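Q: Since the structure of chain A is provided, determine the placement of chain B on it from the hints.
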Amino acid sequence: MRDASPAEPGDERRLLVLHTGPLTTVQDAGRPGFAQLGIGRSGAADRGSHRLANRLVGNLEDDATLEVTLGGLVVRADHDLLIAVTGAPAPITVGAIVHGANAPLALRSGEVAALGSPPRGMRSYVAVRGGVRVQAVLGSRSTDLLSGIGPDPLRVGDIVPIGTAYGAAPDLDLAAVAEPTEGELTLSVRVGPRADWFTDTAMHALLHDRYEVTGESNRVGMRLSGPILERSRPGELPSEGMVVGALQVSPDGQPTLFLADHPVTGGYPVIAVVDRADVDAAAQARPGQHLRFRPAGDPAVGPAPSSRPAKTTMEPSAFIT
Amino acid sequence: MQILTVGERALLVELDDLDSVLALASALRAQPPAGVLECLPGARTVLLHCDLDRTTLRAVADAVRGMGSTARPEPPSEVVEILACYDGPDIDDVLTSTGMTRNELIGWHTRTEWQVAFCGFAPGFGYLVTPHALSIPRRSTPRTSVPAGSIGLAGEFSGVYPRASPGGWQLIGRTTATLFDLDADPPALLRPGVGVRFVDCR
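The listed protein sequences correspond, in order, to chains A and B.
So the first sequence is numbered by this note's numbering: it starts at 7 and just counts up by one.
So the second sequence is numbered by this note's numbering: it starts at 12 and just counts up by one.
It is possible that part of the hints are untrue.
Here chain A is said to cover these stretches of chain B; the calculated rule only asks that three of the stretch's residues, wherever they fall, bring their Cβ under 8 Å from a Cβ of chain A [what the hints assert, rightly or not]: (1) 19-26; (2) 80-94; (3) 188-199.
Because the hints were derived from the structure by calculation, they are not lab data.
Every value quoted in this text rests on a predicted model; they were computed, and no experiment measured them.
Glycine included, C-beta positions come from ideal geometry on N, C-alpha and C.
Pulled out of the complex, with its shape left as it was, chain A reads as follows (with noise of 0.2 Å):
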């Protein structure tokens, strides 16, 4: 991305980065079809504040945004362009006035734009009008860091190119968004594949008991700490696909909550799979954060009931024989 070469000196549309807070990448909707290769398919890990982004600004909902974990961003346009920061509520600084998140703010030519750090959430998507223009790479220009392919994460100096608007501008002054929640999270989950490789105790555990987000967490997948979560049998899987939202149980009894850089295969059985939606308020949370897990489609929410679920409330839905 450093070698970006703009049409006309004078008339490129670009943001020169200044700053890059802990961790800022390029993101899409990933590249898909390509995990027989071995390659995941990577893309924004909060795909909802992703797209929100983009239509804040009037783009194609799966345009390039870049994704800045915790903030600290900051960028100089080279252009007057129109930018939205959705996901979670970094502050944006331009001058001396301090901006709120989901909003389409209008950055002059020569103007900075500085992300502060967000009061909640892990990732702020920064789309701008235009869509971010680095080179694409199999179809995407998402970064995946498990695999090494796509765009480095941003540095210093970067000169991030965008690319032309097109249609008009939505013309709006604020989209109404749940933004991340700071307490504790409640994500709906499938159990299997691999429910039958752990014990009921396990199992009660898991829809149940709560599980800490760890610091071991990045955009591969997230380790929670919680109650064991035992195995009924020995042995080892052979390694078989998995998906985003998997939650894999290494062999401490420990799930990890696989997101969108996640390992195209894994050798360790996965006990329930997070639905999509609510992968996307997971990959909102911090470490500290709880976890709660509920079984699709079961109205309770919250605190855990004192007496154990009939067993039958979870098989049927694990095998489709």
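A: Below, chain B without anything else, positioned relative to chain A:
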């Protein structure tokens, strides 16, 4: 064959052995059921990602069950040759554990018809299988860095590291072949179903 659901929109087809995986994966590549976006073989499974706007998990499961009963192992769609120099740092350990001589090991590895069963671990890393498999234990301590092009053995598999990475396989040789190239189409030399023949560089 057992078919398990994986979350809302994927199925995991569980099979008895690797031959059945190769056969089903090959049949699925030739004629994917409607609405199947991607099929990803594993060691004993095939994972199917489904487009629920176009199909249901049940319809895909029915289609797969029909294919599974008739699928037969297919010969490789193509065979690639990989020039190999058998001077890996673990070759003596492998000779000890197998009781083979160096020439026997090289003869086995080069005369065996390998086929890519599935990929994973890293872009372009193929798990190669053969009907004449040995069973080689992994190194007790994985290396923190295995050089690109290293040829290894582990369990029933052989494989070539497309790039430098950590790894626990027993390294018996190396190649200068390019296993993964983003500018190539397809980018991976070794893809499920492709046959591989190693050629001794001596």
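Q: Does each hint fit the structure? Answer for all of them.
A: A quick look at each hint next to the structure:
no. : hint    : verdict
1   : 19-26   : holds (count 5)
2   : 80-94   : violated (count 0)
3   : 188-199 : holds (count 4)
When held up to the earlier numbered hints, the structure conflicts with hint 2 and nothing else.
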